[in-house]
Every structure is written in structure tokens, then in C-alpha cells.
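A.B. asks: Input sequences plus hints: build the corresponding full structure.
Each chain, letter by letter, is given below.
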Amino acid sequence: MQELGKSEQSSLRVTPQGKGRVLIEKDLSSEEMVLNMGPQHPSTHGVLRLECKTDGEVVIEAEPYLGYLHRCFEKYAETVDYPGVVPFVDRMDYLASMNNDLAYCIAVEKLLDIEIPRRVEFIRVLVSELNRIASHLVAIGTYAIDLGAFTPFLFCFRDREHLLGLLEWASGARMLYNYILIGGVAEDLPKGFIERTREFVSYFRPKAVELQKLLTENEIFVKRTRGVGMMPADVAINYGWSGPMLRGSGVEWDLRKIDGYSVYPELDFSVCVPDGKFSDIGDSLSRHLVRAMEMEESLKIIEQCLDMMPGEEGFNPRAAIPKRIRPKAGEVYGRAENPRGELGFYIQSDGKSTSPLRCKARSSCFVNLSAMKELSMGQLIPDLVAIIGSIDIVLGEVDR
Amino acid sequence: MNTGALLPNSFPFVMSTSLNAWSDALSELYLFGLPLGLVIIAAVPLVFIALYALTYGVYGERKISAFMQDRLGPMEVGAWGILQTLADILKLLQKEDIVNKSADKFLFVIGPGVLFVGSFLAFAVLPFGPAFIGADLNVGLFYAIGIVALEVVGILAAGWGSNNKWALYGAIRSVAQIVSYEIPAAIAILCGAMMAGTLSMQQFNLLQEGPYGFLHFFLFQNPIAWLPFIIYFIASLAETNRAPFDIPEAESELVAGYFTEYTGMKFAVIFLAEYGSMFMVSAIISIVFLGGWNSPLPNVGSLALNDWTNGPVWGAFWIIMKGFFFIFIQMWLRWTLPRLRVDQLMHLCWKVLTPFAFVAFVLIAVWEIYVK
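Sequence lines, in order, name chains A and B.
Just remember that our numbering sits 6 ahead of the position in the first sequence, which is counted from 1.
Just remember that our numbering sits 6 ahead of the position in the second sequence, which is counted from 1.
These aren't lab readings, by the way, just hints derived from the structure by calculation.
Hints are not guaranteed to be accurate.
[Stated by the list, open to error] Distance condition first, Cα-Cα at most 20 Å in a straight line; then the derived DMTMM-like pairs of lysine to aspartate or glutamate:
| no. | chain 1 | residue 1 | chain 2 | residue 2 |
| --- | --- | --- | --- | --- |
| 1 | B | Lys171 | A | Glu38 |
| 2 | A | Lys219 | B | Asp76 |
| 3 | A | Lys366 | A | Glu84 |
| 4 | A | Lys197 | A | Glu319 |
| 5 | B | Lys171 | A | Glu69 |
| 6 | A | Lys379 | A | Asp240 |
| 7 | B | Lys171 | A | Glu63 |
| 8 | B | Lys357 | A | Glu225 |
| 9 | B | Lys171 | A | Asp61 |
| 10 | B | Lys171 | A | Glu57 |
| 11 | A | Lys334 | A | Glu57 |
| 12 | A | Lys366 | A | Glu337 |
| 13 | A | Lys213 | B | Asp76 |
| 14 | B | Lys171 | A | Glu225 |
| 15 | A | Lys229 | B | Asp349 |
[Said to hold, decoys possible] What follows is a set of in silico ranges between Cβ atoms, one per label pair, in the way DEER data are often shown:
| no. | chain 1 | residue 1 | chain 2 | residue 2 | range |
| --- | --- | --- | --- | --- | --- |
| 16 | B | Gln100 | A | Gln46 | 17 to 25 Å |
| 17 | A | Glu37 | B | Val115 | 50 to 58 Å |
| 18 | B | Ile88 | A | Asn42 | 54 to 62 Å |
| 19 | A | Glu225 | B | Trp232 | 14 to 22 Å |
| 20 | A | Gly282 | B | Ile236 | 53 to 61 Å |
| 21 | A | Glu225 | B | Val115 | 51 to 59 Å |
| 22 | A | Lys213 | B | Ile236 | 26 to 34 Å |
| 23 | A | Gly171 | B | Lys111 | 51 to 59 Å |
| 24 | B | Phe73 | A | Glu205 | 39 to 47 Å |
Because the structure is a prediction, the values reported are computed rather than measured.
All residues carry an ideal CB built from backbone N, CA and C; glycine is no exception.
C.D. replies: Written out as C-alpha cells, the structure is:
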């Protein structure tokens, strides 16, 4: 398929036929135009640049160009000690910093082989699930704005504001938390946090329903997204997709269930996969639905965490943090389920230094974006925007 | 300015006396030998438009969208931010007027001008009350529909002259959209013209006058009139490039569509033309289907609500209120709905609205000839 798209012949017209197949016609076409989309385009979600070959409104081929936000994370990680990497990790997927921290800390803790206090585990899960909702709210809101609906975006940001307030209360920062540390968390939860979180959960449930009525059940929204950007499950697996993208294609794959890290095995939640009644499995709408459903699952997890969290007077969340982190020589791959998919860290230690010998991040956005070329083939420009939005990229994580 | 004088004596309608008295008195007002009255009659609508479109249209849109989205909207300039638009205009006036090097300078400069003129020329035939009308042409409605088509030329000139690929996409989409949607819009308006038997805007109003208020409006005079009413409203959204049909300027797809390259006052003029068109289509729909400047209140027994609320000043009030009502609906839709795709837009126009417009046309013709 890609060979044909690349062809120099300008008379090709590529139209999607669903299930990854395309129809190629030779007539009815005009001269190709190269259209540069981004890095300042409003709906490329940051600084993604797409070079599109277009024939009228039809995109024959879209080639993503990356690197506008490249900050040498992997090289920098080799120059600082293990705890010093955490703030850099924060800045990867800046919409889900807590989850990034968690993934990194899991990897290092695996390397160190240390025991984490149970309360810390619950705090970690609690804040990462709060952050997951915040991240999904941004994803859904910006997706709405990509499709021209402005109000759901602001509703999402209004609700996210409460989440940011909670996370700020716990960590002191609104976006780049640096809260989850290797072996613990920076501070214990402040007094009253649990009650306020319960309040938020009861506030947010009806708001999520409102959002669903306003956006997901909107006829125009469904028309714009259903059947657009189809990705069959096998192709998605071959591309290495993960997270809501892969679940949108109908694969029940959630690292929280599969790896069962932290306290997730004790919690009751389900893996959200669209049933194919409201959407076609593998289209943009399915991916949106997965995110919408996951918010509810996250609320369930948060409630359980609040109930099950062991309360301890004078608890020191830094007790288990090692004084000096110098792992013995070896390598480790630790991963966690981020809002955007599997975020993994491959860390190599030489056993002598206090900084990693090598730190490689497996970025979910980068891998998800790699299918852009195939997804965009033969789509209309408005559909291209809908597809980029459904991938939900954060360029900070794509470029690192 | 005396509408009665333009019509043959055999014209079967009774002219409103207040209309004649007011406009006669006003048109005979001379100051130092200058026909001041005539100038006022023509200027009132235009002054109103400028005031409305410049300040309250934009301000209203920002406030309405803010209330729908749990925000406050502009609050800083003046009480409740009421002077925000003036501040914005001052800012736009100071902006550098950039014409990019590769642009076709002639087209780039005349584009906004043509757009603005096309949008505002239609105001000449809009009656703002019994006394205020720029020119009561006997083909007023036809003129209004026709002159608005000039906007297409301006959009195309702006999009092509910018020499920007996004602007070109916006312009091509816009032309395709406006030209297509003119067909259902014109047929729907024609249904109204059939009910009235005239194309004169002032006559439309006079025909919908009566003691029972809204019951005399064409929307309630004919059992099928709601169909062209809805068709025209939807088509007018598309003609003014408002959401959910704002694909020519779809900001998340085409950056800003045909006015991507415009800055400063040229941008403001394009903006102004959009708000002008919004009011224009709202006024046309209220004149054709909702009685224009006639009061919707009926006389109930001894409460002569209709008589009390009719007259030249009340007339201006009613038509402006009706216009604002439709503008509010336009804004409401804009801040609620996502945007349609290009092909879905064309599908809606050619396969839904146009056939239904023809059906409405035939049904209304049958009703007017055989039933009424």
C-alpha cells in the first residue's frame, strides 16, 4: 500500500475502503500539491509537522517529521544520578507526569529490587489515576476542538482544573510534579485530601455524563469520526500500538492487568474495549470511546484506593528511599500503562556509577504516531485532522 | 421614500397611515436647503449596523459563548467588558498591515473590500421599521439574495491573492459551499415570495400586519411554511459560513481559511462582513416568515397589545429583536455543534435541503392556488 502511495504518478487517487484496504483510481485527478501542515498548525497538537501530498482535498500521503521538541532526554539521563532523572521524565508526557514518574520509578526499583511501603503504593496509584483522568480530559477536549466543537473543550478544562488543584495540593506543582520518587513519594498526602478527592469523584460523575451527551452522542461528531482512520487489530499490533489506541482496535491489552504492577491486582476494574455497536472497531470513534470509558474506570480505581489505603499517623513516605542509589551491574526494562499507552524505560547500570549507563524510553506516542502514514493514506484533510486528534499525541513524549 | 408613491393606485393593499405620515414628514425635513430627512432615513439602518456589528455583535458572541462555557468572557474594559470590542478595534487599527511578498497585491487588497461591500449592500433594502428603509425596491428580496453573492468574489480574491495554500483551500471550499447553498436558500425564499405575491421588502411587512399579531405572520399562515423556514435558516448558516458549516475558515483544519494572511484592519473588515451577513440573513428570515417589523403581540379583547406595540419606533425595535433572536440561535449552534466535513456538507445541500425545498415549493404553490 505504501509503495503505491509513494508512486510518482500524479494521476493516482487513493480512497479508503475500510479495514486498511484502499481503492486506487487513475482518472479524475488533478495536479498534486505538497501541503505543509505544522509545526504551527492549530491541530497538530504541538509541534508535529506533516508533509502532505494532496490531490484536491484528498491526502495521498502524509509524512510526519519529528524533532522540533527534542531535548536529548536519553543523553541527559546518563549525566545525572538516578533520582535526578525524575524531573526530566516529568517533561516527557507533560499531561501525565505522574504516570511517567511511576513508569520510571518502577524500572529503577526493579533494578534495585527494593520493597515499597503499602501506603506509598496506594498514593502512587491514586495520583496516577487522577492524572490519567486529567490527561484523558485534555485528549477528549482537544479532539472536540479539532472537530470544531469548542464548548466541550472548555468543559473538559473546567473539570481538569479541579484535578490539577488536587495534584497541586499533594505535590506543590500543577503540571510537572516530581512527586513519585524512587522508593517512595515526595510528601504524604495532605490532611483532608481523601475527603476532597471523594468530593471530586461525586462531582465528576455527572459531568462525565454531560460530556458524553454533548459530544460523544452528537450526530455530527459520530459522523465525523465513525469509520475514519480504521486500524485493524493485527496491523495495530504489528505497529506496536498500545494503550487506548490498541484497545480501540478491539485488543484487550492493559498493562495494569497484564503486568499487574503496584497494587493494581488488588483493585477491581475492567479493561475498556468498544463493543462495536456504537462505533466500528478500530476507528477514531472507538479510540475516543475507550478514553471516555476509561475515565469511569479510573474513578472506580480512585474510590477503591481511598477505601483501601492504610492510614498511618506520622507516616514517612521517604522512609524507603535509598540513601545512595547505585544499582549493581545489570539491565532492566520497566513499563507502566500511561494514558497514551505503554511507557517503558530500559535502564542499564554498570554497577559503579550513580547515574545510568543507558536510559532508553519506549514512548507510546512515538510508536502510535508511526502508523500515521498508513492511517492518512487517501483521507480527506478534515479526516486527517480527526485521525491526528484520535492518536492523542503529546509531542514532548514523541521527541523526548 | 414614500412607499405608497412607488406603487400603482390599483395596488390592493391598504397602506399603513403611520408609515406614510412618518416617512413623509421625515423625508420633507430640510435643513439649510439640504434633504436631511432623506439622509437620516437611509443612514439609520447603516449607523445601526455599524454599531451593532462592531460592538454588540462581537461582544454578544463573546459573552454568550462565555456563559455557555462556564466562563465570564471579557470583563476588564468598561463595566462587564462592554467596551472590549472598541479596545480590540483600536488595537487592530494600530496593527501593521502586512501584505506578504508573494501575494497578488491587487486581489489581496480588494478581497476584503468586495466582501464587505457585498455583505453590506444588502442592507439597503432591509426595512428597519415602517419609516426606515434605504430603498424599497420592487425587487428588494431578489436584490438582497443577488447582491450577497458578491461575497463569493471577495472570498475568492482574498484566498487566491494571499498565495497561501490554506487560504486557497478555504476559498475553494467557501465558493463551493456558498454557491451550492444559494439554491435551497433561494427556493425557500421563493416560497415566501409566493405567499406574499411580491418581492418588495416593505410589502412583505405590510402583508403580515394585523390585529392578531403573530397569527398574521407567514410562518403561521400556511401549514407548510415551517419547511422553507427551516431550510432557509440552515442554508443561511452555510451562506454566512457559520458553524456547523464553518468549513471555509475551519480553524483546526485550515488555520483560518481564506483570511489566514490578513492582519490589522483588513482582518477586521472581513470579521465585520461576517457579522453584517449574520444580521442580514436573520433580518431576511424575520421579514419573510416572521412579520418583519410587525409586533407579534395579538389584541386580546380590550387589551390592544398589537396596536400599542406597533409604530415606527416599535417597528425598529421588533425587527432588531427578531434579528438578534436568530443571531442568538446562530451563536448557540456555533458553540454547541462540531463541524461537518466537506462532503457531508455537500450531501446535506444537494441531497437533503434542495429536494425538500422543491417539495415545499410545490406544496406551497398548491396551497396558495387551490386552498387559500
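A.B. asks: Evaluate each hint against the coordinates.
C.D. replies: Hint check:
no.: 1; hint: Lys171/B with Glu38/A; verdict: 12 Å, holds
no.: 2; hint: Lys219/A with Asp76/B; verdict: 17 Å, holds
no.: 3; hint: Lys366/A with Glu84/A; verdict: 10 Å, holds
no.: 4; hint: Lys197/A with Glu319/A; verdict: 11 Å, holds
no.: 5; hint: Lys171/B with Glu69/A; verdict: 18 Å, holds
no.: 6; hint: Lys379/A with Asp240/A; verdict: 17 Å, holds
no.: 7; hint: Lys171/B with Glu63/A; verdict: 12 Å, holds
no.: 8; hint: Lys357/B with Glu225/A; verdict: 18 Å, holds
no.: 9; hint: Lys171/B with Asp61/A; verdict: 12 Å, holds
no.: 10; hint: Lys171/B with Glu57/A; verdict: 13 Å, holds
no.: 11; hint: Lys334/A with Glu57/A; verdict: 46 Å, violated
no.: 12; hint: Lys366/A with Glu337/A; verdict: 11 Å, holds
no.: 13; hint: Lys213/A with Asp76/B; verdict: 13 Å, holds
no.: 14; hint: Lys171/B with Glu225/A; verdict: 31 Å, violated
no.: 15; hint: Lys229/A with Asp349/B; verdict: 11 Å, holds
no.: 16; hint: Gln100/B with Gln46/A: 17 to 25 Å; verdict: 24 Å, holds
no.: 17; hint: Glu37/A with Val115/B: 50 to 58 Å; verdict: 28 Å, violated
no.: 18; hint: Ile88/B with Asn42/A: 54 to 62 Å; verdict: 41 Å, violated
no.: 19; hint: Glu225/A with Trp232/B: 14 to 22 Å; verdict: 21 Å, holds
no.: 20; hint: Gly282/A with Ile236/B: 53 to 61 Å; verdict: 34 Å, violated
no.: 21; hint: Glu225/A with Val115/B: 51 to 59 Å; verdict: 42 Å, violated
no.: 22; hint: Lys213/A with Ile236/B: 26 to 34 Å; verdict: 32 Å, holds
no.: 23; hint: Gly171/A with Lys111/B: 51 to 59 Å; verdict: 52 Å, holds
no.: 24; hint: Phe73/B with Glu205/A: 39 to 47 Å; verdict: 25 Å, violated
Violation of the numbered hints given earlier is confined to hints 11, 14, 17, 18, 20, 21, 24; the remaining hints are satisfied by the structure.
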